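There are 2 protein chains.
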Amino acid sequence: MDAVIVLSGGMDSAVLLAHEISMGTRVAALSFDYGSKHNPRELPMAREICARRNVGHKVVGLPFINELFASSLLQSGEAIPEGAYDADSMKSTVVPFRNGILIAIAVGYAESVGASRVLIGSHSGDHHIYPDCRPEFNAAIDEAARLGTDDAVRVAFPFASMDKREIGDLGRTLGVDFARTWTCYKGGELHCGTCGACDERKFALRHDQGLDPTRYLK
Amino acid sequence: MDAVIVLSGGMDSAVLLAHEISMGTRVAALSFDYGSKHNPRELPMAREICARRNVGHKVVGLPFINELFASSLLQSGEAIPEGAYDADSMKSTVVPFRNGILIAIAVGYAESVGASRVLIGSHSGDHHIYPDCRPEFNAAIDEAARLGTDDAVRVAFPFASMDKREIGDLGRTLGVDFARTWTCYKGGELHCGTCGACDERKFALRHDQGLDPTRYLK
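Chains as they are written, first to last, in our numbering: chain A, 11 to 228; chain B, 11 to 228.
If you're looking for bench data, these hints aren't it; they were derived computationally from the structure.
Keep in mind that the hints are not guaranteed to be accurate.
Pairs count within a copy or across copies, as identical chains cannot be separated in the list.
Calculated cross-link-like contacts (lysine to any residue; reagent style SDA-like; alpha-carbon spacing at most 20 angstroms) [as the list claims (entries may be wrong)]: (1) 101 / 162; (2) 68 / 199; (3) 212 / 145; (4) 228 / 91; (5) 101 / 224; (6) 68 / 80; (7) 196 / 67.
Model, not experiment: these values are computed from the prediction.
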């Protein structure tokens with residue numbers, strides 16, 4: 011195995027998986043059920059993506075996050091705020107050190123299966139309210155992985171210099187079926203179309219140009 | 011809450027907890043059931059220590075480690091090797107990136123409960139075969155925690171410059187009941203007395219001077 015990809019079932023990691031496969035990377039996928047409101051929507055997408063591409067896939071349950079952690083993103087938390095990502099209210103959606111935890115587990119799993127890389131779909135548009143998506147954090151967790159595995163595993167962020175629309179465009183050229191990816195934080199039957207995450211998805215998938223196959227509530 | 015301590019039920023973290031309490035730190039304890047052979051012995055010790063000292067305590071289950079990771083320390087792994095820690099064979103006891111994973115979870119929990127520090131009982135005698143116990147790793151994971159929490163949480167290793175015997179001596183002055191801590195990797199009814207971990211415990215607790223209250227098989 012070359013790499014372990016953290017696959018949420020969202021559009022960024024779905025494109026990253028397609029991109030790596032197109033380059034010949036032998037990849038195993040790891041998803042996490044940590045009790046977010048949208049886990050029940052995105053995890054079936056992750057399973058479907060892996061089944062269709064014949065990629066080995068494990069779903070790791072982390073129920074303690076929903077039980078012990080505080081965030082509106084979690085099923086145990088308050089309602090997801092409306093509106094744009096940069097609103098102060100969106101800070102309630104931070105799950106403390108979530109990416110730190112998911113990456114650490116992926117690093118241990120990668121070492122166990124002999125993969126030398128962990129791949130994360132973070133991109134340049136990931137919002138500043140999420141400290142564990144920033145470039146400085148990415149560099150630090152990679153260094154911790156390198157030192158903590160005796161140089162066996164590195165953490166890579168191949169989309170670090172791309173924005174979400176560039177990722178959408180790349181995915182279109184790779185034939186990614188975006189209708190079978192999930193973004194909306196609310197986790198309803200359909201994408202709500204109005205939360206900060208949906209706003210961004212629409213922009214990324216060129217909704218206004220008729221290129222977005224997503225069915226939105228609004 | 012001032013700090014979250016990762017409490018295994020072993021002697022090092024038991025002494026660290028007593029030490030922090032003696033200094034007036036308000037501390038919450040976090041233990042992990044990751045499927046090691048000695049988890050069934052050490053977790054009841056961790057529970058007992060917290061109950062006796064009136065410390066809030068959570069046990070986080072990480073069953074995926076035993077299912078997906080490769081290590082002789084795990085219930086799913088081969089037998090624990092005999093003999094000294096520095097033997098090449100002891101490398102089989104490494105659980106890939108275990109401390110990285112446990113620390114990352116403790117960082118997220120600390121931020122959730124408003125604690126600014128995560129305390130780890132790693133010490134200078136922790137063996138070089140465990141890369142995620144080394145000072146360089148400790149510094150890197152602290153940096154990742156700092157950046158990934160917007161400076162809300164730091165990871166501290168108060169015993170970093172002490173060896174295990176110094177920790178034992180400190181624990182004795184603090185009244186730690188070492189008979190109610192667990193070290194042996196084999197997880198039998200009694201400490202085996204012959205594995206690398208037991209060897210070190212005997213030295214640390216001054217077994218040859220009659221100061222070690224542990225009942226050993228040999």
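Quick rundown of the hints versus the structure:
1. 101 / 162: Close across copies (14 angstroms), not inside one copy (35 angstroms); limit 20 angstroms.
2. 68 / 199: Answer is neither; intra-copy 24 angstroms and inter-copy 34 angstroms both fail.
3. 212 / 145: Cα proximity of residue 212 and residue 145: none, with 25 angstroms in one copy and 46 angstroms across.
4. 228 / 91: Cα proximity of residue 228 and residue 91: one copy only (16 angstroms, versus 62 angstroms across).
5. 101 / 224: neither (26 angstroms within a copy, 50 angstroms between copies)
6. 68 / 80: Intra 26 angstroms, inter 15 angstroms, cutoff 20 angstroms: inter-copy only.
7. 196 / 67: neither (25 angstroms within a copy, 32 angstroms between copies)
Figure legend: structure checked against the earlier numbered hints; hints not met, in rising order: 2, 3, 5 and 7.
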